[in-house]
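**Student:** Letter by letter, the chains look like this.
Protein chains: 2
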Amino acid sequence: MQQIAIGIDLGGTQVRAALVDEHGGILARAAEPTDALAGPDRVLAQICGLTDGLFAASNPASVVGVGVSAPGPLDTVAGVASNIPTLSGFVDFPLKAELQKRFPFPVDLENDAIAAAIGEWQFGAGKGLDNLVYVTVSTGIGGGVVSDGRVVRGRKGMAAHVGHMSVVPNGELCPCGNRGCFEAYGSGTAFARRAQMRAMESSGTTIGSDGGAIDSRGVFAAARDGDRLANQLIDEEAEILGRGFTSLIHIFSPDIIVMGGGLSHEFDRLQPGIQAYITQWAMPAFKDVKVVLAALDQNSGLVGAAALAFLTGKGVRT
Amino acid sequence: MQQIAIGIDLGGTQVRAALVDEHGGILARAAEPTDALAGPDRVLAQICGLTDGLFAASNPASVVGVGVSAPGPLDTVAGVASNIPTLSGFVDFPLKAELQKRFPFPVDLENDAIAAAIGEWQFGAGKGLDNLVYVTVSTGIGGGVVSDGRVVRGRKGMAAHVGHMSVVPNGELCPCGNRGCFEAYGSGTAFARRAQMRAMESSGTTIGSDGGAIDSRGVFAAARDGDRLANQLIDEEAEILGRGFTSLIHIFSPDIIVMGGGLSHEFDRLQPGIQAYITQWAMPAFKDVKVVLAALDQNSGLVGAAALAFLTGKGVRT
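Taken in sequence, the protein lines are chains D and V.
For what it's worth, my numbering labels the leading residue of the first sequence as 1180, then goes sequentially.
For what it's worth, my numbering labels the leading residue of the second sequence as 1180, then goes sequentially.
Because the hints were derived from the structure by calculation, they are not lab data.
All values derive from a computational prediction rather than experimental measurement.
Keep in mind that the hints are not guaranteed to be accurate.
Because identical chains cannot be distinguished in the list, a pair is counted as satisfied if it fits within a single copy or across any two copies.
As the list claims (entries may be wrong) - Taking lysine to any residue pairs in the SDA-like style, the calculated list, with each CA pair at most 25 Å apart, reads: (1) LYS1280 to VAL1242; (2) LYS1306 to ARG1329; (3) LYS1469 to GLY1356; (4) LYS1466 to THR1491; (5) LYS1306 to ARG1496; (6) LYS1466 to GLY1328; (7) LYS1493 to ALA1240; (8) LYS1469 to ALA1240; (9) LYS1306 to THR1497; (10) LYS1493 to ARG1281; (11) LYS1466 to VAL1256; (12) LYS1280 to ASN1349; (13) LYS1280 to PHE1234; (14) LYS1469 to ASP1271; (15) LYS1493 to GLY1328; (16) LYS1306 to PHE1446; (17) LYS1306 to GLN1477; (18) LYS1469 to GLY1441; (19) LYS1306 to ALA1215; (20) LYS1306 to ASP1327; (21) LYS1469 to ALA1215; (22) LYS1493 to ASP1327; (23) LYS1280 to ARG1373; (24) LYS1280 to SER1381; (25) LYS1306 to LYS1469; (26) LYS1306 to GLY1494.
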C-alpha cells in the first residue's frame, strides 16, 4: 500500500498543503493566502481546511504523518512559536500541540529553512549525501544544515541562522537589529537596495531609467541586455555570496552548498562568480565543494516537511 | 574492573600521552618534545615509547582503546593526514592505519580542536549538555562542535574550522592565504600584532617600553597596571571575539560557547566584554547563551581523545 505524508508550508503570505509520496512526488496540493492578521485559531483552521479538501479529493489510504514548516523563530524542541513576525498572535504559542489536537496522525514541526534543507536532502539536490548546507537567498537569508546524515538543530532547534553571521564589523543595518550581518549584504533585499543607490549615483545605466522601483529581477534583465553597472552589481553579489558560502564551507564541511530562494532563480548568472570565489579562497581541502541549485524550488519546505514526517514515521531520529 | 583509555595529543611542539579513567581523570601521563622534522616513523615511535612507558609504570588492567588528537587538516573519515604544516612528512599519510598497526586496541583519530570539544563535552565545561561550540583562541583560532548530542564532523571530518569564517571583506591577511578571517583578527597572534602597531603609534603607554617583543601576556599585564592603551586593546579583542562568537551562536545554536587556548588564560578580563556583545547583539532567542572557560585547559585535547575512545568503546556513534 502506498504511504503518503502531508506537508504543510505555513508562510506569512501563503499557506500550502500537499500530499507527498515516498519519493517526494506531490500527489495533490492546495494553497490559499494566509489570514495573517486573524490569529492562530483562524490560521490553524486554514491548515485543516486545506488538508480536508485534499483528503476529500484523493482519499489517501495510509498517512504516516503531518510535517509542518513554519517561519521562525520557532522552538521546535518545545514545539512553541516564540514570536513569528509575519503572523499575528503567534507569540509563545504552542503550535505543535495545537496542530496535534487537530490531526489523527503524528505531527512534526520544523523551522522553514531547516525543512527546506530536509527536502533538498531527501528528495532534491542533496539526495544521497550526508553533508549539505542549504541557503535560501531571498528577502532575507536563512539556512538549514545536514551533517553526518543528521539534521543540525541545536538548542531549541534554532541552528543554522546563517544569515546572521557577521561579515562586516559595524556594517549595514540588518532587520535583526545588529549591523553587518550576511543577510544585510547578500539578501535579495540588500542587492536591490545596492542597485538603487548605485543607479542613482551613476549615469549610463538602464537600471531604474523607467522611474519605477528597482528590484532584483530588473537588474538581472538589464545585465542580460549588456548593462555594465548591472553586471558589476551581480558580480559583486556573487562575490558576497561566495565569501559567505566559503565561511559556511569552513564551518560545516558540507559535500555541497544548495542555494534556494528568490535569487536562486538567477543561479546560472550567479554560480560562476560564487564558485570562482570558493575555488580561489577556500582552504585546499575545501576548494572542490560545489554550489548547486535547489532542485525543489519553492517546494523545498513543503516537500521537506513531508520528508520529515516520513523520517519520523520510520523511526529515524533526524 | 576499572576501564581506562589512552589519550594521545600529537602536537607540533610536544607529543603527550595519558592514561585516562572513565571520569576523565588522568591516572598517569608522559610527554616529550615532538621530533617534528624526523618524519612519521620517528613520531609514531615516540607515541609508542610514551605509552609503553606509561604501561610499564602502571600496568592498567582494561584498556578500551586509544584516542589520538592531531593537528589538521586531517581527513578523519579516511584516517589520513593530508598535510600537517607543523610535522614533516605527514603528507597524505595514513595516520590511523599506521597507528592501528602499532596498538592492540581500537584506535580513534580526531582533529585536535574537535578532540578538545569532545573533552569539554564529556568531562569539562560542557558536561551534560547536548549542544556546545568549543573555540580555541591561541596562535590561531580553531573549533569543535557538538550538536544534538553528536559531534559535528562533516565531509572528511573537517567541520568547525571556525577561525576561517570571513569577518572583514578583503581584510587582514590570514595564515590560510585568504584575507579577513576571524583568525586574522581574533587570534592571540593578531592581538599581539595589533598591540605592537598601536604601541608604536602611541605615546604614554608602557606596552613595549622595555624594547622587548610585545606578546599577549605583556598587554594583559600592562592593562592590570592601568595602562590605557592596553585596556583599550583588550576591550577591542573582547568585541572581536564577541562578534565572532555571536555569529557561531546564530549558526549552531549551542547551549554554551566554551573558550579555550592561550588567550583563555585571560578569560576573566575578556569575558565581560564578550558576554556584553552577545547580550546586546545576538537575536532575542540567543541572548542568554553564555561563554564559559574551558575546564580542562591544555588537557582538553588529551582527555578528549581518550573520551572519544571511551565513546567508541561503548558503541556510541559520535
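**Student:** Give a verdict on every hint.
**Tutor:** Hints, one by one, checked against the model:
{"no.": "1", "hint": "LYS1280 to VAL1242", "result": "within (16 Å within a copy, 52 Å between copies)"}
{"no.": "2", "hint": "LYS1306 to ARG1329", "result": "both (13 Å within a copy, 22 Å between copies)"}
{"no.": "3", "hint": "LYS1469 to GLY1356", "result": "between (32 Å within a copy, 20 Å between copies)"}
{"no.": "4", "hint": "LYS1466 to THR1491", "result": "neither (35 Å within a copy, 31 Å between copies)"}
{"no.": "5", "hint": "LYS1306 to ARG1496", "result": "both (18 Å within a copy, 22 Å between copies)"}
{"no.": "6", "hint": "LYS1466 to GLY1328", "result": "within (22 Å within a copy, 29 Å between copies)"}
{"no.": "7", "hint": "LYS1493 to ALA1240", "result": "within (17 Å within a copy, 42 Å between copies)"}
{"no.": "8", "hint": "LYS1469 to ALA1240", "result": "neither (40 Å within a copy, 49 Å between copies)"}
{"no.": "9", "hint": "LYS1306 to THR1497", "result": "both (15 Å within a copy, 23 Å between copies)"}
{"no.": "10", "hint": "LYS1493 to ARG1281", "result": "within (22 Å within a copy, 42 Å between copies)"}
{"no.": "11", "hint": "LYS1466 to VAL1256", "result": "between (35 Å within a copy, 18 Å between copies)"}
{"no.": "12", "hint": "LYS1280 to ASN1349", "result": "neither (46 Å within a copy, 53 Å between copies)"}
{"no.": "13", "hint": "LYS1280 to PHE1234", "result": "within (18 Å within a copy, 61 Å between copies)"}
{"no.": "14", "hint": "LYS1469 to ASP1271", "result": "between (39 Å within a copy, 23 Å between copies)"}
{"no.": "15", "hint": "LYS1493 to GLY1328", "result": "both (15 Å within a copy, 21 Å between copies)"}
{"no.": "16", "hint": "LYS1306 to PHE1446", "result": "within (19 Å within a copy, 44 Å between copies)"}
{"no.": "17", "hint": "LYS1306 to GLN1477", "result": "within (17 Å within a copy, 41 Å between copies)"}
{"no.": "18", "hint": "LYS1469 to GLY1441", "result": "within (20 Å within a copy, 35 Å between copies)"}
{"no.": "19", "hint": "LYS1306 to ALA1215", "result": "neither (34 Å within a copy, 42 Å between copies)"}
{"no.": "20", "hint": "LYS1306 to ASP1327", "result": "both (13 Å within a copy, 22 Å between copies)"}
{"no.": "21", "hint": "LYS1469 to ALA1215", "result": "neither (38 Å within a copy, 35 Å between copies)"}
{"no.": "22", "hint": "LYS1493 to ASP1327", "result": "both (18 Å within a copy, 19 Å between copies)"}
{"no.": "23", "hint": "LYS1280 to ARG1373", "result": "neither (46 Å within a copy, 59 Å between copies)"}
{"no.": "24", "hint": "LYS1280 to SER1381", "result": "neither (58 Å within a copy, 67 Å between copies)"}
{"no.": "25", "hint": "LYS1306 to LYS1469", "result": "within (14 Å within a copy, 36 Å between copies)"}
{"no.": "26", "hint": "LYS1306 to GLY1494", "result": "within (19 Å within a copy, 28 Å between copies)"}
Checked against the numbered hints given earlier, this structure breaks hints 4, 8, 12, 19, 21, 23 and 24; the rest are met.
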